[in-house]
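There are 2 protein chains.
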Amino acid sequence: MLTIKHQSTIEKAVKANHERAFYSQYPEHPKAYGEQAPEEGHNRFKAQLNTPFSQLLQSGESGWAGEEVSPYTMEPLGITYPLFTADDLVEKAVAAAPQWRNTTVDIRADILVETLERIQSYFFDIAYATMHTTGQSFMMSFQASGPHANDRALEAIAMGYHELNRYPAEQLWEKPMGKFALQLKKNFRAMPKGPGLVIGCSTFPVWNSLPGIYADLVTGNPVIVKPHPRAILPIAIAVSAIQQVLQEKGFNPNLCQLAADTSATPITKTLCEHPGIKLIDYTGGSQFGNYVESLPGKSVFTEKAGVNSVILDSVTDIDAVMQNLAFSVSLYSGQMCTAPQNFFIPAGGIQTPNGTLSFDEVVEKFKNAVTALVTNPKMGAGTLGALQNDTTLQRAHNAGKLGAKVILEGQPLVNEEFTHARGFTPAILQVDSADRHIFEQELFGPVLLLVKTKDTDESIQLARQMAQQHGAITCAAYAISPDTKEKITEAMNSVFTPVSFNFTGFIWVNQHAAFSDFHVTGGNPAGNASFTNPEFILRRFVWVGNREVTGS
Amino acid sequence: MLTIKHQSTIEKAVKANHERAFYSQYPEHPKAYGEQAPEEGHNRFKAQLNTPFSQLLQSGESGWAGEEVSPYTMEPLGITYPLFTADDLVEKAVAAAPQWRNTTVDIRADILVETLERIQSYFFDIAYATMHTTGQSFMMSFQASGPHANDRALEAIAMGYHELNRYPAEQLWEKPMGKFALQLKKNFRAMPKGPGLVIGCSTFPVWNSLPGIYADLVTGNPVIVKPHPRAILPIAIAVSAIQQVLQEKGFNPNLCQLAADTSATPITKTLCEHPGIKLIDYTGGSQFGNYVESLPGKSVFTEKAGVNSVILDSVTDIDAVMQNLAFSVSLYSGQMCTAPQNFFIPAGGIQTPNGTLSFDEVVEKFKNAVTALVTNPKMGAGTLGALQNDTTLQRAHNAGKLGAKVILEGQPLVNEEFTHARGFTPAILQVDSADRHIFEQELFGPVLLLVKTKDTDESIQLARQMAQQHGAITCAAYAISPDTKEKITEAMNSVFTPVSFNFTGFIWVNQHAAFSDFHVTGGNPAGNASFTNPEFILRRFVWVGNREVTGS
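Those protein sequences? They're chains W and C, same order as listed.
Heads up: the first sequence begins at 1 in the UniProt record's numbering, then just goes up one per residue.
Heads up: the second sequence begins at 1 in the UniProt record's numbering, then just goes up one per residue.
Treat the hints as calculated values from the structure; they're not laboratory data.
Only true hints are included.
Repeated chains share a single entry, so a pair holds when one copy, or any two copies, can fit it.
For lysine to any residue, the following SDA-like pairs were computed, each having C-alpha atoms within a straight-line distance of at most 25 angstroms:
| # | residue 1 | residue 2 |
| --- | --- | --- |
| 1 | K454 | D360 |
| 2 | K378 | E409 |
| 3 | K454 | D432 |
| 4 | K193 | Y291 |
| 5 | K269 | G285 |
| 6 | K487 | G551 |
| 7 | K278 | F251 |
| 8 | K185 | K485 |
These figures come from a predicted structure and were not determined experimentally.
Please take these sequences and the hints and turn them into a complete structure.
Next up, the structure:
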């Protein structure tokens, strides 16, 4: 193996991928990036507004368009992006492919880590871009689209580096045959399947796209990045940074192309069905996701919708639990794929060290915890952020019409910094375990359901069924008895859903840490991808072994 | 990790899987297994004839049936097997699953190696059973269904052991937060997706089934083994050996069930479509294989039909090449999935150290080499074996009607030991590169096509197209110039087909060695499985990670 600039970074990441202890290459605190960085990033973001995004190293566009609107100011960003036809994008990807394919994985990984360093220099530009397209708070925008996304990208690079170095490039095969030995020279090549297509979503335009982009690139595939038309800027900055480095290193920047489109004339299906596209990463709604998964001849990686559950059985500190859950449901107004939606609470209440807390008392405590958080002027707006789009706002508005008992009505969120922000506080509804038609739908956004069950066994059974039939990315559970914990683990793991037990304090079920937590296990209807299990890398290339008689 | 009986065997196999040099756990020479073993095996095989196969540890059968006929004697074996309904088989598999799933992979791997040792004690029983169901020669029957199959099974066990030990079962995750650290206890569980179904074929009933059986079992899945109704006995003996060991070790023998059926009332589709079946391994024709691959909600591993090519450009020793190819096409009468079918030869002939050999001279030499082999009383019948079924015989009979120029007519094979054997010598046909409709079909059995091309570039182009459109498992090429070799490698590898260069002597393109050669790369229409790349294991289970606040 060659000595490469970022070898130590890559090797530490490979080790972290396997140890699954805490590891991070990119500090999550903004202060780690220098005093000037935030303001410089903000200034560049402001300068970008109302101008064409001209930093891409792509040419031959058929037009320019853009339709992003800030969920905080409700004003258009006024940025336009170059548009390309699907044929043009695929042709350029194919043309760029051979040089990259024939570069060793060590060199590819090295260059890709260099692109992450370049993206790092734009972390604050990306943060403001994320905030004003997704509605995430500034802090979440910075962390999710910056260091956390880069860590997930490094995870994919490291897994690729590890897997493509799994077998020797060349090997002598010598079979003893008594008086002589048969000899063959063999070589093993990891042939990329691509080009790849990465389809982004409007809520996590960078975090959900970088893993697929880097998984494609490290395995030797060119990649076409198709962002959601309402959240282009954050990933456009990242793609532009990747293109800069590729060009500086003597590679064709078309190895990573941006494929912006508009709501009026979308190109996603055309790209998906293009015979040249062989790999598709998709984040978004289940209906389109199921379509993508059904396409013949494509290797597909999806993260779709799910219904995440919380099972409440027994706790040691009810107030700490309620504060933790109130934060989990409020964080980015329930617009995270990991946000809990259904809270299963036994009709007989839950156990605490001070005796049983009745169902109604639990409901009251939950309501109070959410209310305290969202009305706290220092916490509310900063935690809830803004709603990315009107559909989510309407869903929150209409939560009272679902047929459930309304425990807490949602209402327009007061945001003193952005008075026009699209914000709405969480609605809390109560239903019975028989009201499946209500709680088995994904109610994306600030709507949560407290489900009164017969007992914890019914809670487990329902949470399991939801995951099996509708998918789940997470499950939180509060239980003291080892038997109950084991029962919950067995039931949820059997439908390939991870369980987080007894979270209180500064750790929330919504968070999946790079290098340690698999994100979307791939075993239930919530999706078939996982950041980053080995398959996320292996399904993007094919091992081919050639043989030759020695001396020939 | 525990110390287990077969730890050293497993660890050596893991190392071999990764080094991909020559490795074998089970010697391929019959003499390695003791002087008495062949006769004892033969006697047990003869004693089994015309009796029910009662060694299985399965009960509750709905009837008994069997329809095997020896391709050597053309007489029914007269053996019957217990029949079970699909529901019954799946129910029993599900019931057996939890204990096995909750056993560590180390213990599972140890027990599974023990089952291979048990199978080894039946190598000769299986050899005679294979010979008299498939029509393979005795030596091929012994090697393919015995040591080679066991080596492939060990390869799968070792890959499973390696992959399921990739992550720690438990890990402490500690995130520094300035003045304190967040701590989570995490555990990572490999949750099996099964039950699995392994569908066998009539030509390689053991070699093609053991890898899927062992890949399912090592990853914690119960498996149902559905052999071809005309080749049940060889795998029935193996399944029975596996059941014996499972029971001895305190496990439910239903973890590995035989699901015999009949041509008149097949149960394969019912099993495939059973909602309880989650994993399917399939070997056989492309039409059924494509159906299996299309089933929603199943993880599928296939080996289907392909059209394997030989590209002839230039040689150093034409006679050595022709002897090698004559053996390759004659071995088991072209009934191997790796057998070459289409020979692309430039109209201008091929280069040798003694000048150009014209197209017609090449054809003549090929014809003579095949004739010399098949008419050699010491070689012919032993190499060609017998034809498994009448469809293959009819195809060989009718080769002259395909519309090609007949270079060598096939004819009934003389077999002095088995005078009634279903045998037919290879037919050699000649076509032009324009006659795609003839050479783009898989002509399974003793039929080969010499295709006259414009030049080597056209040969490469056609071989590439055949692989891309119809699938290919192997490609042989004869070329001296490094540029030509590189061109062939690039073209064939780009459609995920391995190339074997300049094979002469005791090595043939048909052979794929365990621990070194991937078998079916998974990248073209010939199938999506590969013995044994990591995906062959990884797609059978899901990593699920659970988290818990420490001290809770």
